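Visitor: Below, each chain spelled out in residue letters.
Protein chains: 2
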Amino acid sequence: MPLLEEVLQKIKPSSEERRDLDRIAKEVVSKIQRLAQSRELECEVLIVGSAARKTWLSGDHDLDVFIGVPEAGSLEGALDIARDVASQHEERYAEHAYVHAIFRGFELDLVPCYLVKDASCILSAVDRTPFHSRYISGRIQGAEDDVLLLKQFMKGARVYGSELRVGGFSGYLAELLVIRYGSFQEVLEGASLWRPGETIDLESHSVLSHEDPLIVVDPVDPKRNVAAALTLDKMFQFAATSRCFLKHPKIEFFFPPAPCPLADKELLESIAKRESFLVLIEFSAPPLVEDVVFPQMRKAEQSIRALLERGGFAVLRSEVDLHPEVDLHQPMPSDGGIVVDLSVDLGETNLKSDSESHKNVARLLFELETESLPVVQKRMGPPIWEGDHVERFLSSHSEILSGPYVENGKVVVETERKHTSPVELIRSGILNLSLGKHVGPQVRRGYKICVDQELLTVKDRDFRVFMARYLSARHNIC
Amino acid sequence: MPLLEEVLQKIKPSSEERRDLDRIAKEVVSKIQRLAQSRELECEVLIVGSAARKTWLSGDHDLDVFIGVPEAGSLEGALDIARDVASQHEERYAEHAYVHAIFRGFELDLVPCYLVKDASCILSAVDRTPFHSRYISGRIQGAEDDVLLLKQFMKGARVYGSELRVGGFSGYLAELLVIRYGSFQEVLEGASLWRPGETIDLESHSVLSHEDPLIVVDPVDPKRNVAAALTLDKMFQFAATSRCFLKHPKIEFFFPPAPCPLADKELLESIAKRESFLVLIEFSAPPLVEDVVFPQMRKAEQSIRALLERGGFAVLRSEVDLHPEVDLHQPMPSDGGIVVDLSVDLGETNLKSDSESHKNVARLLFELETESLPVVQKRMGPPIWEGDHVERFLSSHSEILSGPYVENGKVVVETERKHTSPVELIRSGILNLSLGKHVGPQVRRGYKICVDQELLTVKDRDFRVFMARYLSARHNIC
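Chains as they are written, first to last, in the numbering used here: chain Z, -14 to 463; chain D, -14 to 463.
Source of the hints: derived by calculation from the structure; they are not laboratory data. Among these hints, one or two may not hold up.
Each pair may be met inside one copy or between any two copies, as identical chains are not told apart.
Using 27 Å as the maximum straight-line C-alpha spacing, the simulated DSS-like pairs for lysine-lysine come out as follows [stated by the list, open to error]:
(1) Lys140 x Lys284
(2) Lys258 x Lys403
(3) Lys403 x Lys250
(4) Lys403 x Lys433
(5) Lys395 x Lys232
(6) Lys395 x Lys235
Remember, it's a predicted structure, so these values are computed and weren't measured experimentally.
Build the full structure now, drawing on both the sequences and the hints.
Guide: Given below as structure tokens:
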């Protein structure tokens, strides 16, 4: 397809770019080896990730370098070496500490890991990455361009990235799909036919069933689902976009125009046209990495949404916004769809590093059908023949306007609604909600509510882009 | 219980009343027998109903007289005789013609019927009545007062009467309950424990199962459910009131105060307090008996309610009103809970007689949560993986404000709502709805809509009582 050629011209690294990357990689490897020798540290240096298997997109200047030590060894020595590779560096933390460095214009992730015999007996999630790298390297030759096309296509569809904000496809998952289906085109054809529970098991491990919408058994670790972080909606956003592209192939699928931030007039007109009632809650985001904050934001969103719905308000849609958007680095330098285990106490170690510590704003947007509800409120009780329940139901309701009466076999009363305005309801209830470990305290520290046209007072560009996306909400489905 | 004595004093016919009734009954019987003799008509005259078994409430001056002819005979001769019993009479019609007459201050129903051998091989529903009368007469002795108390209690709870407007208990059903449980008090205790599907089978016929909420197998015709006309809600309104009375016996259960018609100020205040949005649709009722019109009114109510709900409006409650209320006579002179078969073409024969043909008003009331809805409207489509359905769904929606997008695995679009006002929606859709065979044409001839405070323009007393009941909606449930 000439269209795909055109795309490849834009995304495939030039021979010059490749040469640069190779040179830098060799330089880093030999620098680490020299440092290890001088300190008598037994280790193996591995270039992993897309750079190692020629599936990186042009313009990406990321290099993942793993410093493997024997299982009996210590990661501390490897971390020391990592610190000394480049003066311009900072320490980051996932399950273990690692170093993020800038080296001759490249972004390096220098990650200490254990060299284990088998990927099923790793000590830390990063130990799995070298196995992924080896598995893909041995099978992807000749199909690298297909991986590039697929990654770019997924970016265009906004489903690329396994970080929790996106909930999409990791690079490793994209590579496995190309191995499974054979080519870019065939991945799209395959995805067009997906249903929830679709299972891909390259090595026929046929292991325990997962509840996830897409199950891709990790060829190097059969108990693990490579697609665990993929949400149902992102899975089928991809499937629908694939179907759509196969019907009407266009270059815009790969390079969709970026939405323009809405000007006051456009925002005002869009809001007015819908006639719904928008409620925006704004507060300071906790100073933690996005993969920690984002799930808590979703939790807060769900809790407030449930509060509104319990109060009788119909919520048309809700959305979460975190700004300024942190660079799209993953918190862990792996391409294997690894997700930070949030069950461990993240404590101080997940504090954002200095370079990210500008103040971040968290926003929750709720779109309601109405600005207010009537005082009268219908309360459905238990079946009328359950005498004890009926009695308890009636004694728990005062301020009765009508009833009790029987409707479809149930006892019903109509009472006075406590909060007829959603803002009132939120203000009265928000501090009793479960909003997430770090988001909760931030909200308690203070929050601001804007409704409808008051949203115009929020001038920040990111928010106006967010609103443009929210109001259009258009995906390639056809 | 002294309370019950007090009630009986009010509802039990005095010996004078009994004497009057006996005298009149004898007079009617002998008049019919004389007429039959002179015309050489072979027939048997039967006093049936509550008068025959001393279970009529004081003040009721109704007498059901059946003129039975052999199966081979003709009802026409019997009808001729009925016409000649009293000069002040009119013909009415259920499955067959019968005569309603005023005779010495009593209301007589003179009903020709066939004398069949067994109630299971009747030719017409009225043929069953003599069997009912014989069954009850043989078993009710000594418990007549309990029947009186139960009937009055049911009247107080507004669940007495098997006509379709009420959907409650017939007199025959009340008598069977007393036979089943033994006494007034025991009926209430029994009903307190009812659950849907409760079955009473006095003669252990154990016949085919019914889907009705209460199944009382007719002792004289095992295939028939005596409680077929009883609705779930009336059944449990009775059960709940029974439970309530047993806890807190009060004379008001038997003689609840009649609601006062609401004055303008009261009506206005009640409406304003609720903050809901009331929509009243008014038109001329078809000139037919209530048992024909009422089910059609319910059908119209349900159709319009569904229209509103499809349009996105939350309907809090809806109600039907027919005024002026026709006297509470049943359209068929039977006490057996017999319901007119509406599947037959009722044609002209169900035209109300002259005495009832003053113009009747039909009203449908809908109480909505809101006066208007926003333009934006969320349309949930099929699962995103059903490609053909998705395509059809999308091509059937224009005026898209947002989307298509994927939500919980389904395709969603947000479109422009066609009618944001419920009145607009009703006006645009009502004539395409199924509103009932006779109600539909009446609505097509013209209707009026009032909303909210415009209800004050309806001054008629019955409507103001209807609104008092609607707004209170209080039943004895505790």
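Visitor: Among the hints numbered above, which are violated by the structure, and what are their numbers in rising order?
Guide: No numbers; nothing is violated.
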